[in-house]
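Asks: What follows is the residue order along each chain.
2 protein chains.
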Amino acid sequence: MRVLGVDPGLTRCGVGVIEGTPAKPRLVACGVIQTPPDMPHEFRLVRIEEGLAEWFDKYQPDRAAVERVYADLNVLSVMGTAQAAGLAQIAAAKRGIPVTLHTPTEVKAAITGSGRAAKAQIGAMVTKILKLSETPKPADAADAVALAICHLWRGSANQRIEEALAKAGKK
Amino acid sequence: MRVLGVDPGLTRCGVGVIEGTPAKPRLVACGVIQTPPDMPHEFRLVRIEEGLAEWFDKYQPDRAAVERVYADLNVLSVMGTAQAAGLAQIAAAKRGIPVTLHTPTEVKAAITGSGRAAKAQIGAMVTKILKLSETPKPADAADAVALAICHLWRGSANQRIEEALAKAGKK
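So the sequence lines, in the order shown, correspond to chains U and L.
Residues 1 to 171, numbered by my numbering, are exactly what the first sequence covers, in order.
Residues 1 to 171, numbered by my numbering, are exactly what the second sequence covers, in order.
There may be inaccurate statements among the hints.
Copies of the same chain look alike in the list, so a pair counts if it fits in one copy or across any two.
[Claimed, not checked] Keeping only pairs whose Cα atoms sit at most 25 Å apart, straight-line, the calculated DMTMM-like set for lysine to aspartate or glutamate is: (1) Lys94 <-> Asp38; (2) Lys94 <-> Glu54; (3) Lys137 <-> Asp38; (4) Lys137 <-> Glu19; (5) Lys131 <-> Glu19.
Hint data in this document are derived by calculation from the structure and do not stem from the laboratory.
All chains, please: the whole structure from these sequences, using the hints.
Replies: See below:
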């Protein structure tokens, strides 16, 4: 299974692709889609949309995972973040790829064992889990990879539960 | 000049097209793009995107006006509203149509003379300004038409100022 994670943002939208099984995830690629802050807002959105399309089309993920955005995080930047998150969801939906939202707390808890882990810890754990020689940079790229790992693990856990229920005739 | 106004929303996204001069605006069409609340979020966004594309392509506006969304308005629905607003801006930018945001207060002040006018007053004034036999329904459609009128009026005022400055050699 190949998962594309998106850490939505307007200045730096993190993207990360992983592949494999929950026990053996492998990094395929990660990076950021950037837009200049002095560009008119509507053109920044178009550029994010185009950048996401390139990642989806190049890496053909089976699943997409997007960070859930909260309105009260940072009023100044939340609009752009929410809009970038929407574009990631549209990109997945248009390609028939199931898309799931995960909260930052869920990702942190899955990756580090603590829902309140610091940014640096996320990067360190991603590096360890994927057996990389160095931490993905910038942090937005590492966060997107963390989202993809979180999704791979949760999806697998959910599937095991569903299979067990099905076997038990509970479903 | 033909202006398309968009009152962004996920359940009901208002759209209104007017045409003419600031002194003689005429209603071309108005309505809403609706999505069912029980549809997965990403498919609602795709439907809004498609609906907006239809309005832009059918009515070929020269300018687009979109309501500026504030993060603190209503935390529960603001995500969808912000994302719909972003889609309207993308639709305009992709077609080379200049797009402007106006705050609800600016629209109310332009249409009714008061920045704190009630919803019903907007509809009543839109009906009067455009010499309609009845108020556009639902309110989201009337709000989108109000946005378009506000844009036509403000654009014209701004242009007069720019022309006067140009004549005076100040620009």
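Asks: Would you mind marking each hint as holding or not holding in the structure?
Replies: Going through the hints against the structure:
In this homomeric assembly, Lys94 and Asp38 come within 25 Å of each other (Cα to Cα) only across copies, at 18 Å, whereas the closest approach inside a single copy is 30 Å. Within a single copy, Lys94 and Glu54 get their C-alpha atoms as close as 14 Å, and across copies as close as 17 Å, so both meet the 25 Å cut-off. In this assembly of identical chains, the alpha carbons of Lys137 and Asp38 lie at most 25 Å apart only when taken from the same copy (23 Å versus 38 Å across copies). Taking the shortest Cα distances, Lys137 and Glu19 sit within 25 Å of each other inside one copy (19 Å), while across copies they are farther apart (50 Å).
In this homomeric assembly, Lys131 and Glu19 come within 25 Å of each other (Cα to Cα) only inside a single copy, at 13 Å, whereas the closest approach across copies is 61 Å.
Checked against the numbered hints above, the structure violates none of them.
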